[in-house]
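Once you have looked at the hints, place chain B on chain A.
Each protein sequence line maps, in turn, to chains A and B.
Numbered according to this note's numbering, the first sequence spans residues 1 to 112.
Numbered according to this note's numbering, the second sequence spans residues 1 to 113.
Quick caveat, the hints were computed from the structure, so don't treat them as lab data.
There could be a bad hint or two in this list.
[Said to hold, decoys possible] Chain B is faced by these chain A residues, among others (derived, beta-carbon under 7 Å):
#: 1; residue: MET40
#: 2; residue: GLY42
#: 3; residue: LEU45
#: 4; residue: PHE65
#: 5; residue: ASP71
#: 6; residue: GLY104
[Claimed, not checked] Pairwise CB distance ranges (calculated):
#: 7; chain 1: A; residue 1: GLY16; chain 2: B; residue 2: LYS56; range: 46 to 54 Å
#: 8; chain 1: B; residue 1: ASN30; chain 2: A; residue 2: THR38; range: 25 to 33 Å
#: 9; chain 1: B; residue 1: ASP7; chain 2: A; residue 2: GLU18; range: 37 to 45 Å
#: 10; chain 1: A; residue 1: PRO84; chain 2: B; residue 2: LYS56; range: 38 to 46 Å
#: 11; chain 1: B; residue 1: ARG50; chain 2: A; residue 2: ASP56; range: 29 to 37 Å
#: 12; chain 1: B; residue 1: LYS69; chain 2: A; residue 2: GLU83; range: 21 to 29 Å
#: 13; chain 1: A; residue 1: MET39; chain 2: B; residue 2: THR95; range: 42 to 50 Å
[As the list claims (entries may be wrong)] Pulled from the structure, derived: some chain A residues nowhere near chain B, Cβ distances all over 10 Å:
#: 14; residue: GLU18
#: 15; residue: THR31
#: 16; residue: LEU43
#: 17; residue: ARG64
#: 18; residue: PRO70
#: 19; residue: PRO84
#: 20; residue: GLU105
#: 21; residue: LEU112
We treat Cβ as the ideally placed atom computed from N, Cα and C, and that holds for glycine.
Take a look at the letters that make up each chain.
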Amino acid sequence: DARVTQTPRDKVTEMGQEVTMRCQPILGHNTVFWYRQTMMQGLELLAYFRNRAPLDDSGMPKDRFSAEMPDATLATLKIQPSEPRDSAVYFCASGLEAGELFFGEGSRLTVL
Amino acid sequence: SQQGEEDPQALSIQEGENATMNCSYKTSINNLQWYRQNSGRGLVHLILIRSNEREKHSGRLRVTLDTSKKSSSLLITASRAADTASYFCATDALTDSWGKLQFGAGTQVVVTP
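For reference, chain A alone in the conformation it holds in the complex:
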C-alpha cells in the first residue's frame, strides 16, 4: 500500500532550536511538495520539487527555512532557528506531474 511517510508526527521544541522534518515520497513520483497548515493562513505552499530539483520555494521564509531532496526517497524541511510562529502542521505530498497529490499524515510542530 503506497503512501507518503512523514516523521516526526509530533514535535514540541523550544524557540531557537533546529527542527528537521522528513518525508518519504511514494516510489516513482517525481514531484514533491511541502505545505504548512494553520488555522489563520490555511494551506500555504512552502516548496516544490520536480525530479529532485527545487522549482519554487517562494513561499518559504528563506532566512530560517530550507528544503532539500538529498535523494529520490527523502525530502527534508529544516527550520533553524525555530520561532513560536512556526507552530503549524507541515504536510509533504508527492505525485506525478500535473496529477493528483498524495499527502502524508503531517508533522505537527509546536514551538514554545
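Just chain B now, with coordinates in the frame of chain A:
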C-alpha cells in the same frame, strides 16, 4: 495569496441531504482538483477536472467547472456522517510551474445522523 476560495466556509446538513460547495479562482488554470481532509489527517484526493471539461462524476460526487466564471462546484449527494470533513479546491494555474497546486481555505462540512 490563495488562488482558490471556497464558499461557504462551513456547512451543516443532515444525513441523506445533498451538500454543495463552490470554489472561485483568480487566474486561468490547467486543472482544478478537490480534496477532503478529516480532522487531524492528511488531505485525500477526490476528483480532478481539466480546463477543457465541464462536468465530472465519481460515485456520489459531482464536480462542475465554469472557466468563463472561474468557478467550480462540488456536490455530494445523499450525504453520510462519514462525509464530515473539510473540503478544499486546489488549482494548477497556467501562469505557474506545471503541476504546482495552490489550495483554497476550505469548506467545513458537518453531516449529522
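Margin query: Please check whether A:GLY42 passes as an interface residue: C-beta within 7 Å of a C-beta belonging to chain B.
Written below: 5 Å, holds
Item checked: Given as non-interface: A:LEU112, which should sit over 10 Å from chain B by C-beta -> 21 Å, holds
Check: Quick one: are B:ASN30 and A:THR38 within 25 to 33 Å, going by C-beta?
Finding: Since the Cβ atoms of B:ASN30 and A:THR38 sit about 27 Å apart, the hinted range of 25 to 33 Å holds.
Next item on the list: Determine whether the Cβ-Cβ distance between A:MET39 and B:THR95 falls within the hinted range of 42 to 50 Å.
Entry: Roughly 28 Å apart at Cβ, these two residues miss the hinted range, so it is violated.
Note to self: For the restraint on A:PHE65, tell me whether the closest CB of chain B is nearer than 7 Å.
What the structure shows: 18 Å, violated
Margin query: Just want to verify: A:LEU43 was marked as not at the interface with chain B; is every Cβ pair farther apart than 10 Å?
Written below: Answer for A:LEU43: violated, closest chain B Cβ roughly 4 Å.
Checklist line | A:PRO84 versus B:LYS56 beta-carbon gap, inside 38 to 46 Å or not | finding: For A:PRO84 and B:LYS56 the Cβ distance comes to about 42 Å; the hint holds.
Check: Can we keep the A:GLY104 interface hint, with Cβ of chain B closer than 7 Å?
Finding: It holds, given that the least Cβ distance between A:GLY104 and chain B is near 5 Å, below 7 Å.
Margin query: Please check whether the beta-carbon of A:THR31 is more than 10 Å away from every beta-carbon in chain B.
Written below: 6 Å, violated
Note to self: Does A:GLU105 clear chain B by more than 10 Å, comparing its Cβ with all Cβ atoms of that chain?
What the structure shows: Label violated. Min Cβ-Cβ 5 Å, cutoff 10 Å.
Note to self: Please check whether A:MET40 passes as an interface residue: C-beta within 7 Å of a C-beta belonging to chain B.
What the structure shows: This hint is violated: A:MET40 lies away from chain B, its Cβ roughly 10 Å from the closest one there, beyond 7 Å.
Note to self: A cut-off of 10 Å on Cβ-Cβ distance, and A:PRO70 was said to be off the interface with chain B. Does that hold?
What the structure shows: 22 Å, holds
When held up to the earlier numbered hints, the structure conflicts with 1, 4, 5, 11, 12, 13, 15, 16 and 20 and fits the remainder.
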